[in-house]
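Asker: Listed below are the residues making up each chain.
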Amino acid sequence: MSFWTAVQSFSRSRGLTRRGFLLSTLAGMVLGGLGTLIGRQPWWRWLLSGQYARPAPPAATFVARITSYSADLAAVIRRGLLELGLTPADVRGKRVLLKPNLVEPCRQAPHINTHPLVIRGAAEAFLSWGAAAVLVAEGPGHRRDICQVLEESGLEEVLREDRIPFIDLNQQPARPRKNLLGFSRLSTFLLPDLLQEVDLLVSVAKMKTHHWAGATLAMKNLYGLLPGIYYGWPKNVLHWAGIPETIADLNALVRPQLAIVDGIVGMEGDGPIMGTPKAAGVLVLGTNLPAVDATCARIMGLNPYRLAYLTLVAGFLGPLGEAEIDQRGEAIAAVATPFALVETIPAHRQLRL
Amino acid sequence: MVGYGGQPEATPRDQLLAEILAVLAARRNHDGGFLALAAGGARPDATAWAVILLRAGELASDWVAQGSRWLQARQAPDGRVSIAPDYLPGWWPTPLAVWAWLGNRDYAPAREAACRFLLRHRGQPVRDHPGQIDPRLRGWSYVAGTFSWVEPTALAVYALSQAGYGTELTVREGITMLLDRQLPGGGWNYGNTIIFGQRLRPAPEHTGLALWGLAGQVPHQEVAASLAYLEEQLSILTTPLALSWTVLGLAAWRQLPAKVIDRLLACWQRWRQSSLLDTATLCLLGLAALHGDPAR
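Sequence lines, in order, name chains A and B.
Quick note, the first sequence lines up with residues 1 to 353 if you use this note's numbering.
Quick note, the second sequence lines up with residues 1 to 296 if you use this note's numbering.
In short, the hints are calculated from the structure, not lab data.
Note that beta-carbon positions come from the ideal geometry of N, C-alpha and C, so glycine has one too.
Some chain A residues close to chain B (C-beta under 10 Å, calculated; not the full set): (1) R143; (2) D145; (3) Q148; (4) V149; (5) P165; (6) I167; (7) Q172; (8) P173; (9) P176; (10) G232; (11) N236; (12) H239; (13) I345.
Just chain B, with the same shape it has in the complex (with noise of 0.2 Å):
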């Protein structure tokens, strides 16, 4: 079990989650949620964020019951869990509710409705795109009514498939989605591949994102020119989403190198203290570093 830090000879691993720990009590609202920023409002993607790290780094778990049931009180009737409950078509962070509801049985039947919907509710394909990627093929949208794209899609992916409904029809187009997505060169971006003959350029966060949806998922060669990419990413990347979704990327396919944990660190000690470090940024950033742990 991995305590809240002040612990005599805290790892640096301890250490890290220790501190965002700190900031995430900072965030926490009284009813359970969590503010997506130091200010403002609680939302559903900063709170499922919270949960799920809360959850895998085994912390807090009076923090991951009241923020699921924060998560719950907010599920509209159909299952989505929308950005906010006036903007229903908002619907993207539903499956990071799925993930933050995982293996905890108070939250099944929660769990299930957010499945179905997200099974019955997917991107709309176009007919015409000027790029070269297969536009019929459906995966997620952010919002309802639009296009696929390689976040939602891969999260998607990732929770249906965690929930037992890896083998769906859907699930499996979302697959085939992210694949087609995915750059001749290797890496991802928001979603797009040539547009007009030109080929655009990856971004870690993304190629992170769909490499750790589609683990477990398609043979490694088909990613591999992606994994090469991040593996070089690694090396330079100096800011926390990119570099931690870079981690997590890598670790999902085992071919994360050691003292990755060095490199969290230093990233954190540099923007600890920036307005922009967002809610979900710092739990992926503790996330990785409990995924690029070389003790773990």
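Here chain A stands alone, though its shape is the one from the complex (with noise of 0.2 Å):
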């Protein structure tokens, strides 16, 4: 039977006449394409999965400025939490993750990673505050002794005399949640059922450039959540499904509460592992944490609207835009230090303020 044959039999079966049926199937036809690309439009699944209904975190960010690591860092964000409107009441009793950057240890570049002494100042501030627990957990990148990771980057020290808990994410087991953006082809992530057990998960990054993303900052330093058994070492799932596009994806499903970003020694140049050390002497904190990205980047004299993570993400999940931002603490004129860019890494060309 032929494709009219079979269609006129069908719409005699439906009393439609062949004009009819034709105009009925077209409709279809473009009703059902407009359909699936609005349905594969990022901004229509982040709708659909109500994701916009949760209350979107207040865009203020916090800019310290301490030039040493010897300061009371647990002061200073005690100081910055209360300004973006953080009080006790809000982490009393609760389970707090930090997340640092420990990519890739080297005892003579302690730039690579978020100080430890950044971590014992969160640490001590949140549970001077009342938090139940307060623990520490990565998944580094590149190294698989995590062991030798601690005590390269100097956290084991701080870790064993504060009594802090370590979690090494990359060893953790995880269930597939679902893309909720769907930037990348990833269908799913799988996060560590830890996760579940968090009340307070805070984003202790770096500030760095970083020679594929343009910078690392609150939200790229998610990629550590997600354990190496299921992703490798370096975590190239990630890479392979679009860098800026996992990082937007990643933040839209995990939604960290909290950003801190160690600014007082960062890196610039070929970051993140073999730049070289920049002292921008800040520490930014922020609830949002596209606005506490876009904020760094200003800081390090980068242009937000240039690093491709930010541009998919802006508007719905976060402003980048500095008069949408609350800026509190230090302006960022007044402490602002542009970073060595590397003009030979494509990811660093025309990103400069």
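Can you join these two chains into the complex? Each is in its own frame, and there are hints to help.
Answerer: Written as structure tokens, this is what we have:
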């Protein structure tokens, strides 16, 4: 039976003329195609997910000027939390997870990682506000020996002295969670079961340039949540699916409640590993991670609108515009210090503010 | 035959193995699988490492049998052994399963199926890469559809060679790939060398593993700088995974100095109570003790 014969047979059985059948079929195809196109748009999937119904974190950031890690960082962090509108009541009884950046520690290059004293200060701040528990967790992307990561970074000593538990996220069992935004082709992310037991997730990042992403700040830091046993060393699954896209997707799914970015001594040049120390002299806090990253970018002399992962989420995960962000503490202009970029690195081109 | 310890005048190696065995006993499930950590579920990589160590030390043959059976039960129809049954793309434990089943006739079909899978499924090449590696060379990846890296490639090269597939073109290409990823000054890391003109740093655990996989496959001069790096690392390392692979890498090339067992014991004493000591690392420490004992 030919196609048109089948059409005629189908139409007659439903009292349709051939013209009527063709018109209704064409209309259905157009509407269906439009639906498919719209359904693929991340913002539409975001709406359908219901995530928009969660109150958007206020886009306030706090910038503290700090020139040395020997400063009372716990006091600075407490002040920052208050400036952001948080009080001890928001922390009391909560289980807090601090997620530092420990991608590839090297004793001779401490500027690669979140400084251990920032972790100590954060833990002390949350515990002094009555947190039920504070633990540190990370899944380093390059090194397999987690014990050596902790030793080389200097964090082992702090954890031991302060009796702060540490979890190697690379070894944690995980469950698939649906990719809500869908910028990348990953249909799910395997998130550690541990996250279900955490009330307050804090991205404690390092202020660094990055030779693939442009910059690595509070949002890219979440890569370390994903266990290497499912994603590899490095977490190549994410690179193949698109770095800006997976940063955006992961942040839409996980939504940390707070970010602290260690820019006291950050990294410029060929980050995130081989760059040089940059004493930016700041600690940046915020409850909206895109706003935090945009603020950090400006401090670094980078245009946040040229960071691909930020432009993907602008407007619905958080604002990037300076006028839309409630900036507390130091003004950006007072602390901004251009981070060196490398012209031969494509991700660094046209990044300058 | 190495005993469970408790023998009069047990050697330091025997003592270390006995203590590792005690921890393994606590991590062994009734169904023969081994937990990856002190708590949680059994995992194929942890179980494979336990079987590998127990077979190498001629220990607990019943655990070997049950662990081997546990692994076989988790083998997919196409021969792969993935990190989780509901995450088939995570195929990197497959060479560990081959290694665990080596020399065991009962598991020859399972081993052959895993080898056939490895010969057919490798890392994805890429056309462009800003580093100074040849991205077209294929080794093995951790996860389906991704790039080749040092750890899965070294394990696959070793396992396939031991299983009798050493002359296969895929294995030879894996060896070429490993050499391509060797850093100019010696050593390996996860699998990059020079990116945007900057030479990256080596890591002892990746270097030791790469050297283990390449032993007997390439001339000494091809890896002399990497062996020198490991010899230097041996004197300063204090953490179990890096130290274990350093010992194994040097042992594979017969460049292990004496008195290594004391270093391994000291490392064990320092880290034995740590919750970070996963089963794979525990077993590697045991393997290092077996290979590092000058009495053997």
